[in-house]
Every structure is written in C-alpha cells, then in structure tokens.
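Chains as they are written, first to last, in this note's numbering: chain A, 1 to 294; chain B, 1 to 240; chain C, 1 to 348.
Rather than coming from a laboratory, the hints here were simulated on the basis of the structure. Even glycine gets a Cβ: it sits at the ideal position worked out from N, Cα and C. Among the clues, some could well be false.
To be verified - Among chain C residues calculated to face chain B with C-beta under 8 Å, some are: (1) Ala-199; (2) Ala-207; (3) Gly-212; (4) Ile-213; (5) Asp-214.
To be verified - Which chain C residues stay away from chain A? Per the calculated CB distances, all over 10 Å, these: (6) His-43; (7) Ile-252; (8) Val-281; (9) Ala-289; (10) Pro-315.
Next come the chains, spelled out residue by residue.
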Amino acid sequence: MTAIYIQLVVSGLLLGGIYALVSVGLTMIFGVSRIKNFAHGDLVMVGMYLTYALTTWTQLDPYLLVPVVTVALFGFGLLLSFALIRRIQGAPQVAQIFATVGLGLVLQNAALMIFGADFRTTNSEIAGNVLRFWGISLPLSLFIAFVVSMAVIACLTVFLRTSMVGKAMRAIAQDRRAASLMSIDVKFIDMLTFGLGTACAGLAGALLVPLYPVYPTIGANLVLISFVVVILGGLGSIEGALIGGLAIGLIETLSGFFIGSEMRQMAYFLVFIAVLLFRPAGLFGQRGSETLGS
Amino acid sequence: MLEVRHLTKRFGGLAAVNDVSLTLNKGEILGLIGPNGAGKTTFFNCVAGAMQPSEGQVLLEGRELTGKKAHDVCRAGIGRTYQIVKPFGKLSVRDNVLVGALNQTRNVADARRIADEALELTGLADQRNVLAASMPLPRRKRLEIARALATGPKILLLDEVMAGLNPSEVELAIDLIKTLRSRGIAILIIEHLMRVITSVSDRIVVMHHGEKLAEGAPSAVMNDPKVVEAYLGEGFVAQD
Amino acid sequence: MSTMSTPSPKESIARRLAPVLTLLLLASLMALPLVVTDTYSLHFIWKVLFWAAIAAAWNIAGGYAGLFSLGHAAFFGLGAYTSILLYMQAGVSPWIGMIVGSLVALCFSLAIGLLTLRLRGSFFALATIAFAEVLRIAVVNGRDVTGGSEGLSVSFAPGLVNMIFQDRASYVVLMAAVLFVIGATTLLIERSALGYSLAALREDEDAAEALGIDTIRVKLIAIAISAFLSAVTGTLYAFYILLIEPTTVLGIGFSVEIALIAIIGGMGTVLGPLLGAILIVPLSEYLRAEFAASLQGLYLLIYGTILIVMVVFLPNGLISAIRDPRSVLRRVRRRKSASSRPEEKADA
Ligand SMILES: Nc1ncnc2c1ncn2[C@@H]1O[C@H](COP(=O)(O)OP(=O)(O)O)[C@@H](O)[C@H]1O
Ligand SMILES: [Mg+2]
Numbered sequence: 001m002t003a004i005y006i007q008l009v010v011s012g013l014l015l016g017g018i019y020a021l022v023s024v025g026l027t028m029i030f031g032v033s034r035i036k037n038f039a040h041g042d043l044v045m046v047g048m049y050l051t052y053a054l055t056t057w058t059q060l061d062p063y064l065l066v067p068v069v070t071v072a073l074f075g076f077g078l079l080l081s082f083a084l085i086r087r088i089q090g091a092p093q094v095a096q097i098f099a100t101v102g103l104g105l106v107l108q109n110a111a112l113m114i115f116g117a118d119f120r121t122t123n124s125e126i127a128g129n130v131l132r133f134w135g136i137s138l139p140l141s142l143f144i145a146f147v148v149s150m151a152v153i154a155c156l157t158v159f160l161r162t163s164m165v166g167k168a169m170r171a172i173a174q175d176r177r178a179a180s181l182m183s184i185d186v187k188f189i190d191m192l193t194f195g196l197g198t199a200c201a202g203l204a205g206a207l208l209v210p211l212y213p214v215y216p217t218i219g220a221n222l223v224l225i226s227f228v229v230v231i232l233g234g235l236g237s238i239e240g241a242l243i244g245g246l247a248i249g250l251i252e253t254l255s256g257f258f259i260g261s262e263m264r265q266m267a268y269f270l271v272f273i274a275v276l277l278f279r280p281a282g283l284f285g286q287r288g289s290e291t292l293g294s
Numbered sequence: 001m002l003e004v005r006h007l008t009k010r011f012g013g014l015a016a017v018n019d020v021s022l023t024l025n026k027g028e029i030l031g032l033i034g035p036n037g038a039g040k041t042t043f044f045n046c047v048a049g050a051m052q053p054s055e056g057q058v059l060l061e062g063r064e065l066t067g068k069k070a071h072d073v074c075r076a077g078i079g080r081t082y083q084i085v086k087p088f089g090k091l092s093v094r095d096n097v098l099v100g101a102l103n104q105t106r107n108v109a110d111a112r113r114i115a116d117e118a119l120e121l122t123g124l125a126d127q128r129n130v131l132a133a134s135m136p137l138p139r140r141k142r143l144e145i146a147r148a149l150a151t152g153p154k155i156l157l158l159d160e161v162m163a164g165l166n167p168s169e170v171e172l173a174i175d176l177i178k179t180l181r182s183r184g185i186a187i188l189i190i191e192h193l194m195r196v197i198t199s200v201s202d203r204i205v206v207m208h209h210g211e212k213l214a215e216g217a218p219s220a221v222m223n224d225p226k227v228v229e230a231y232l233g234e235g236f237v238a239q240d
Numbered sequence: 001m002s003t004m005s006t007p008s009p010k011e012s013i014a015r016r017l018a019p020v021l022t023l024l025l026l027a028s029l030m031a032l033p034l035v036v037t038d039t040y041s042l043h044f045i046w047k048v049l050f051w052a053a054i055a056a057a058w059n060i061a062g063g064y065a066g067l068f069s070l071g072h073a074a075f076f077g078l079g080a081y082t083s084i085l086l087y088m089q090a091g092v093s094p095w096i097g098m099i100v101g102s103l104v105a106l107c108f109s110l111a112i113g114l115l116t117l118r119l120r121g122s123f124f125a126l127a128t129i130a131f132a133e134v135l136r137i138a139v140v141n142g143r144d145v146t147g148g149s150e151g152l153s154v155s156f157a158p159g160l161v162n163m164i165f166q167d168r169a170s171y172v173v174l175m176a177a178v179l180f181v182i183g184a185t186t187l188l189i190e191r192s193a194l195g196y197s198l199a200a201l202r203e204d205e206d207a208a209e210a211l212g213i214d215t216i217r218v219k220l221i222a223i224a225i226s227a228f229l230s231a232v233t234g235t236l237y238a239f240y241i242l243l244i245e246p247t248t249v250l251g252i253g254f255s256v257e258i259a260l261i262a263i264i265g266g267m268g269t270v271l272g273p274l275l276g277a278i279l280i281v282p283l284s285e286y287l288r289a290e291f292a293a294s295l296q297g298l299y300l301l302i303y304g305t306i307l308i309v310m311v312v313f314l315p316n317g318l319i320s321a322i323r324d325p326r327s328v329l330r331r332v333r334r335r336k337s338a339s340s341r342p343e344e345k346a347d348a
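Work out the full structure, taking the sequences as your base and the hints as a guide.
Next comes the structure, spelled out in structure tokens:
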C-alpha cells in the first residue's frame with residue numbers, strides 16, 4: 001500500500017520538475033522585463049508540435065531532437081521579442097495583457113490550422129521503457145524530463161550568478177533605470193531574456209512530447225499552471241519557481257488520486273486563489289512585491 | 001490640531017523616519033526641512049495614510065488617524081500634494097480638480113463649482129480646459145495644490161511644491177500659501193529653498209537621517225550649529 | 001478621456017448632444033425588425049447586439065474601472081445557468097430567473113472583488129481566470145444538477161412568460177433593449193461622481209486615494225454593475241439559443257472574446273463595444289462561412305492578430321480613430337521615433 005503513496009509522491013515531484021522548467025521561463029521574463037506573458041503556455045505547445053513534426057519528418061527519436069527544438073525556440077523567442085514584446089515594454093497594463101493574449105490566440109489557431117484539433121502522440125524508443133524500484137514503476141520519459149529540467153534550472157541559476165549577461169539580467173531585475181544608467185544594454189538583455197524564457201518553454205515542450213499528446217489548446221492549461229507556480233514561488237524568483245513547480249506537481253497528482261482526475265485542476269486553482277489571498281507576494285517572494293503587478 | 005507622536009517608519013533595516021514627534025497648530029505654517037533623503041516625504045506618506053507607520057501615532061484634533069487608509073485621512077480633513085506630481089494626465093485641469101472636490105460633495109455640478117473656485121485661487125482658471133498631461137511642471141505643481149485644496153482640507157501637506165519654479169513663480173506660490181493660511185488652513189510644508197521656508201514658516205522642524213534634529217523659530221533654527229553642520233555635511237548651504 | 005474636457009463652446013454643444021444622440025442611436029436599434037424581416041438577417045443582427053451588449057457590460061469593469069477581467073464568462077454563465085435551472089427545475093419564469101441569476105453573479109463578483117481587488121492589474125486578470133475556471137470545472141463535474149459537459153437544453157415552449165418566442169424579431173428587440181439599458185447605465189456612470197472617480201483611479205490610484213476616493217469601494221461598485229449586466233445578457237442568450245454548455249458559456253475563450261470586442265471598439269467609451277461588435281461579428285461570420293471547412297481556426301487567428309495590432313498601435317480602440325483620425329497617424333509616427341527613446345521613467 002505504501003508503494004502507491006511513494007509512487008504518487010515521486011511521480012508528482014517528477015511532473016512538478018517539468019512545471020518548474022516552464023515556470024522558470026515565465027518568471028525570468030517577468031523578473032527582468034516586467035512582462036507577464038499570457039502566451040507562455042502556447043510557446044510550450046509550439047515546442048511540442050515542433051518536436052512532433054520533426055520526429056514525423058525525420059523519423060528520429062524525439063530525444064535526439066530536443067536540442068534542435070530548444071535552439072529553434074530560442075530563435076523564435078528572439079523574433080517574437082523583436083517583433084512584438086519590445087513594443088509593449090513599459091506600455092500600459094492592458095496592452096501587455098492583451099497583446100500576449102492575442103499572441104496566444106494566433107499561435108493556438110496557427111497550430112489548429114496546420115495540425116488540426118486531433119491529439120497527436122509521438123513514440124520514443126527510449127521513452128517506452130519503465131523504471132522499477134522500491135516497488136514502484138515510472139515511465140523513463142518522466143524521469144528523463146525531470147533530470148533534464150533540474151539540470152537546466154541549475155545551469156540557469158549558475159549562469160545568472162556568474163556570467164556577465166546573467167549579472168546584467170539581475171541588475172535590470174533590481175532596478176531598470178539604474179541598470180540602463182550603468183550602460184547595460186537593457187533592450188538587448190530584454191530580448192535575450194525573452195529568448196531564454198521561450199527556450200525553456202520549448203525545451204519543456206520537447207520533453208513533454210513522449211509523455212502527453214499535443215493539441216492546440218494545451219497551452220491554456222500550462223500557462224495557468226505556470227502562473228500558479230510563479231505566484232506561489234514569488235514573482236521573479238527562480239528558486240521559488242522550482243519549489244512552486246514541485247509543489248504544484250505534487251498537489252496535482254495527489255488530488256488526482258484522492259479526489260478524482262476531473263477535480264485535479266480545481267485543486268491547483270484553489271491553491272492559486274489561496275496564495276493570491278494570503279501571500280500575494282508568493283511563499284518566497286518579498287512582501288509588498290505584489291504591487292509590481294501594477 | 002495635528003499631533004504626530006514618536007512616528008517611526010522602517011524599510012527593511014533602514015529607519016527612514018525615526019521617532020519623530022511634532023505638532024501643527026491651528027492657522028500655523030510649519031516648515032519641514034532637511035537634506036535629501038532625510039525622510040521628509042516618508043513622514044508625509046505616513047501621516048497621509050499612503051504608508052503605514054511602523055510605530056507611533058497620528059492624531060487630528062485628538063482623533064486617532066494612525067494606520068487609516070489614505071482616502072479616510074483625506075476625508076478627515078488632511079489634503080496632500082506629491083513631490084513627484086501625479087496629475088490625471090488624460091483629464092482636463094478642471095476635471096482633475098473636480099475629482100478632489102468630490103470629497104466634499106457627491107453632486108458633480110457642485111463639485112465643478114468648488115473646482116472652479118480652487119482654480120481661481122491657484123491662478124489656473126484660464127487653463128481649465130487643458131489636458132493635465134500637456135501642462136509644464138510649474139503648472140502641474142500648482143494643479144497638485146488646487147486638487148488638494150478642492151478636497152476642503154483643514155490641513156494641507158505640501159511636499160516641495162516650489163521645486164523647479166522660477167523666482168517670480170516662487171513669489172506667487174508664497175502668496176498662495178499665505179492666502180490659504182488666511183482662509184484658516186493649517187499648513188505643513190516641505191521645502192528645499194531655505195529663503196522660502198524661513199520667510200513663510202512660523203516654525204521650523206529640521207530632519208536629518210530620519211530623526212528630528214531641531215525645532216523652533218526660523219531664525220533660531222538657522223543659527224543652530226547642529227543644523228548648520230548637517231547641511232554643510234550635505235553641501236547644502238551652497239543651494240541658497 | 002477626451003469626452004471629459006471642454007475645449008471650446010462649439011464642442012461643448014456637441015458634447016451636450018452626444019449622450020442624447022447615443023441614446024437615440026441605441027434606442028433605434030430596437031426598431032431594426034421593422035426594416036429587416038428575414039430569419040437569417042435577424043439572427044445576424046441579434047448576434048451583433050448580443051456581442052455589443054456583453055462587451056459593453058465588460059467595458060464597465062474593464063474600460064471604466066481598469067479591471068481587466070478575463071473571467072467575465074463566469075458572470076455571464078451564472079446568469080445563464082441560474083435562470084435555466086430555475087426554469088427547468090422549478091418552473092420559474094426566466095424574467096424572474098434573470099433577476100435572481102444577475103444577483104447571484106453580483107454576489108459572486110463582490111466575493112471575487114473583496115478577495116482580489118487589493119491586487120493590481122494583471123494579478124486581477126489572473127485571479128478572474130482562476131475563479132471562472134473553478135466555476136467551469138464545478139459545473140462540468142456537477143453533472144446531476146448542471147448536466148455536466150453536455151450542458152442543459154430547454155425545450156421550445158413559446159410564450160412571453162417563458163421568454164421564448166416564435167419569431168426572431170422579439171429576440172432582437174429584447175437584446176436591443178438590454179443594450180440600450182447597458183449603454184444608458186454607462187452614460188450615467190460616466191457623468192456621475194462614480195465616473196469621475198473611476199477616471200481618476202484609472203489614471204493614478206495613489207493620487208485618487210489621496211483625494212479621498214475609496215478606490216476599492218469604487219472598483220467593487222463597477223465590477224458589481226458589470227457582473228449584473230453580464231448575467232442579464234447570459235439569461236437572454238440562454239433563452240434564445242436554448243442550449244448552454246460549460247465550454248461555450250464558461251470557457252476562457254469566451255471571456256477573451258468579450259474583452260477583445262470592447263478593446264477593438266474602444267474601451268472606456270459608450271459606443272466602443274457596439275462598434276467593435278459591428279466590425280468583428282460580420283468578419284467572423286464571413287471567415288467562418290468562407291473557410292470553416294478548409295481552415296478552421298483562421299478567424300481566431302485573425303482575431304488574435306487584430307487584437308495585437310490594436311493594443312500596440314491603437315490602444316484606445318477604433319472609436320478613437322473615428323473621433324480623431326489624425327491622432328492615429330501621430331501615434332504611429334511617435335511609435336517609430338519611440339524606438340530610440342530611453343527607458344520609461346521609474347517611479348520614485
Ligand atoms: N518605498 C520605499 N522603500 C524603501 N526605501 C524607501 C522608500 N521610500 C523612501 N525610502 C528611503 O527612505 C529614505 C528617506 O526618503 P524620503 O522620505 O524620500 O526623503 P526626503 O523626502 O527627505 O528626501 C531614503 O533613504 C529613501 O531611499
Ligand atoms: Mg522628498
């Protein structure tokens with residue numbers, strides 16, 4: 001019997017690792033550029049479809065294509081930043097919300113037009129395996145996704161701490177104006193951040209492909225989950241996104257088991273509402289930073 | 001009339017305002033001066049309800065105002081201006097002031113009448129149809145006063161309303177402040193220009209590093225060695 | 001808001017007349033069935049009026065109070081579900097159900113508002129999505145009462161008491177009447193102390209607070225009115241379509257479309273939502289009719305593109321372009337030069 005609980009907790013945490021990766025992208029973009037990207041989940045969807053399409057086309061295993069998809073999404077992020085996001089930087093709230101909502105609509109429906117509304121699944125030779133230990137069994141793909149996610153988050157953390165670009169990002173996150181006075185190229189860093197955030201989303205998408213079928217509106221769910229994670233963890237905080245992601249993964253799996261799978265989503269929305277009410281700055285964020293939402 | 005007791009405001013470890021007490025009497029103009037970063041604006045924010053003080057009390061005519069929301073403080077009769085002006089940019093000057101007047105009446109026509117009086121008094125009457133965003137800074141500073149005045153305050157908190165004005169505009173502003181006082185409004189004024197504050201204030205309180213450094217008649221305060229030292233340290237004397 | 005300044009006496013007369021003309025225009029929509037009689041056209045007109053009405057209801061919160069709700073489907077759906085359930089389960093006339101449903105939505109909006117209004121901007125948008133989703137999931141899972149994801153359908157039993165009519169003209173008149181009421185309410189708000197308070201807090205909340213405006217209270221009033229009117233529209237929808245499903249009436253997609261129409265037409269203006277609906281509904285009908293089979297999704301893709309272009313280049317909506325065409329050119333030009341402008345000012 002305990003095996004079931006271990007199974008639940010472990011798979012919840014593994015799932016949470018992927019949520020954490022998606023959310024890290026979202027929280028970075030918010031932290032540096034103060035942009036809340038309502039299309040972030042749709043970028044994951046783009047990563048998923050790209051992996052699916054490339055796999056179908058090349059007949060390669062999706063895992064071999066993960067780097068390609070990540071780099072492609074990085075480029076796509078730069079493009080989006082150049083074409084759209086930089087135009088809403090510092091714009092009124094309404095423009096920021098609805099420009100990214102509009103972007104989401106465009107991406108979703110472009111996917112619908114290209115791939116149709118059907119669920120698409122991709123098989124992977126590698127991912128077909130199942131890990132068995134402690135009397136529990138886990139799909140290898142979930143395990144891989146978790147390990148890669150954690151590794152990437154760790155690398156990003158080191159990158160932000162040590163590299164020049166990373167330091168510039170943190171400087172902008174602290175005080176935009178001061179950073180631009182210190183002759184940091186704020187616009188360039190904004191673009192780079194959006195590229196990196198999009199790459200995180202795309203990578204997560206590629207890792208999700210062997211696990212879940214993809215369909216055009218899958219992003220809507222993911223964006224809400226990652227906003228829940230980011231707000232739970234404290235806006236702009238990578239560590240917060242990590243812990244928040246794991247927590248939401250756990251909550252989703254446990255509530256799915258105990259309350260029923262339909263009510264899963266309900267559980268994290270309720271958590272979300274509770275966090276907004278009681279700790280709007282997040283569990284790890286500074287109190288008062290919720291006014292940054294203005 | 002306004003009594004502030006042991007007010008303290010901390011931001012993290014920093015005490016921006018530290019144990020400051022002062023009293024503003026009926027019909028008085030009290031100057032609040034101090035070098036940049038002394039905590040004057042923070043003090044205003046705590047009195048006006050824009051920030052919650054960490055410790056201390058604010059009393060208006062004996063009634064507790066501590067921790068009240070900004071709109072309640074305004075209702076109670078304290079109007080304030082912002083050092084960094086906050087006009088409603090897309091509204092006309094008249095509508096800006098009308099919004100303030102709604103503090104006295106819910107009737108828009110009445111509010112418009114009150115607004116026009118305030119505009120007349122502050123010399124903005126001929127600007128009433130201009131969009132607030134399109135006015136130059138000196139006028140926007142006056143708009144701040146007009147709006148606060150239209151709320152029908154017993155006390156006005158003026159935060160550097162003369163910064164950035166030229167000498168003749170400063171003269172006008174001094175006249176305006178004296179007129180307001182003659183109408184029975186007590187005024188607590190933050191000002192950087194030493195000449196202005198000494199000529200307009202009945203009494204002066206000096207803040208430095210969040211603490212009250214000195215208090216008294218303008219001449220006495222200006223000759224206080226502690227005050228001179230504080231300003232010298234900041235290279236402030238050269239300003240005027 | 002250019003409507004609130006009085007630049008010259010001439011324009012001041014125009015300004016006095018504007019509300020009268022607006023109301024006349026809205027009232028005259030009720031006479032449309034006198035001119036148009038074929039079923040298809042009436043259905044089309046109903047659609048335009050419907051989208052104008054729900055967008056106008058959103059506009060009171062989104063446009064006037066700056067509360068960018070992405071969960072208005074919840075208020076709409078509460079109205080629709082309450083009145084239908086009361087009708088089906090207890091035989092209560094939809095006219096009464098409409099009031100009850102709207103009050104339910106109003107209470108729900110007050111609850112959301114009390115819980116979330118200290119949050120600002122996009123946090124509020126997120127919170128409204130979350131609340132609407134909770135409601136949708138609850139409805140999907142409350143199969144016994146709500147019919148689950150298949151929804152509820154009402155049998156066709158014409159009669160004034162049932163709010164079900166043989167002819168479409170009655171539905172058109174009814175929807176036009178509701179649009180008139182929402183438009184008149186908006187005009188009243190605009191001209192009242194509430195309207196000035198909303199205009200002020202939209203510009204600067206701190207300054208509004210310092211002038212004695214209880215910003216939370218004012219926003220609560222706006223969202224409550226908005227929710228109530230959204231729910232009224234929901235009941236009308238339910239008893240015209242005679243079928244409600246959670247995905248259509250409670251989904252995020254619907255909430256986004258509501259906001260989109262108001263934004264495209266012009267937020268914070270009385271006629272903006274109507275203008276938005278007049279442009280968007282025919283466009284979507286055309287695209288759906290033309291491309292539905294070959295290219296599903298095209299119309300939403302175009303919606304999305306229009307939305308992006310609008311908020312970036314014409315954030316005050318099409319109505320601003322009609323009122324002052326030159327301002328659009330000016331804006332585009334400014335946009336171009338803005339790319340060389342330094343960072344936006346940080347507040348101290
Ligand atoms: N919201 C805030 N958060 C953190 N520190 C603040 C804040 N507002 C003011 N301070 C700090 O408090 C000190 C006093 O500032 P202020 O009251 O503006 O001084 P003054 O108006 O006398 O120039 C300064 O060191 C300033 O950096
Ligand atoms: Mg100051």
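Hint by hint, here is what the structure shows:
Interface hint at Ala-199 (chain C): satisfied, since its Cβ lies 6 Å from the closest Cβ of chain B, which is below the 8 Å cut-off. A least Cβ separation of about 4 Å between Ala-207 (chain C) and chain B falls short of the 8 Å threshold, and the interface hint therefore holds. Because the closest C-beta pair between Gly-212 (chain C) and chain B is about 3 Å apart, less than 8 Å, the hint holds. At its closest, the beta carbon of Ile-213 (chain C) sits 6 Å from a beta carbon of chain B; the interface hint therefore holds under the 8 Å criterion.
Hint status for Asp-214 (chain C) relative to chain B: holds, with the closest Cβ pair at about 5 Å, below 8 Å. Every beta carbon of chain A lies more than 10 Å from that of His-43 (chain C), the smallest distance being close to 25 Å; the non-interface claim holds. Its closest Cβ contact with chain A, about 6 Å, brings Ile-252 (chain C) to no more than 10 Å, contrary to its assignment away from the interface. No Cβ of chain A approaches the Cβ of Val-281 (chain C) within 10 Å, the least distance being about 17 Å, so the stated non-interface status holds.
Even its closest Cβ contact with chain A, about 17 Å, leaves Ala-289 (chain C) beyond 10 Å, as expected for a residue assigned away from the interface. A beta-carbon of chain A comes within 10 Å of the beta-carbon of Pro-315 (chain C); the shortest separation is about 6 Å.
Consistency note: the structure conflicts with the earlier hints numbered 7, 10.
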